[in-house]
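The sequence shown begins at 1 in the working numbering and counts up one residue at a time.
Simulated from the structure, these hints should not be mistaken for laboratory data. Please note that a few of the clues may not be correct.
As the list claims (entries may be wrong) - Distance condition first, Cα-Cα at most 25 Å in a straight line; then the derived DSS-like pairs of lysine-lysine:
1. K85 with K11
2. K101 with K85
3. K11 with K120
4. K120 with K101
5. K84 with K120
6. K84 with K11
7. K101 with K11
8. K85 with K120
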Amino acid sequence: MINGYSFYDSKQAVSPEELANLYRFTRWARSRSLEDIGRMLAGTSMCFSVRHQDQLVAFCRIITDFVYRASLWDIMVHPEHQGKKIGSALLDYALCHPAIKGIPLVITYTSELAPFLVHKGFSTQDGALMLLRRPIEYS
């Protein structure tokens, strides 16, 4: 897809340790524990990742019933690889995957990526999102 980068659609393509290293560059997930990341990976429907020279440089995941609904989470690209269209290619790879492309509704929850996601066909739906947010203990 992009010269020098390899794309994967398997949970086995990422380890909790690699993901924790990538999460540390985010403001919203830098305190996730290795144990929780491992449990998250086990419970996630599909993971999509990008590697460059065997290093994990981008990741996103989808939780889905594979028929009606899917939710897209944890979209991130290592800062050294941002601006190279890696995030765009990763989302194309994930959203066009044979297991995902026929699902009529894909949702995500992000404000910082909203301008980027509009170019991928997402739209803001005011008043449609409801959250039950429970407290999280950060380490």
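- Message: For a quick check of understanding: which of the numbered hints are violated here, in increasing order?
- Response: As far as the earlier hints go, not one is violated by this structure.
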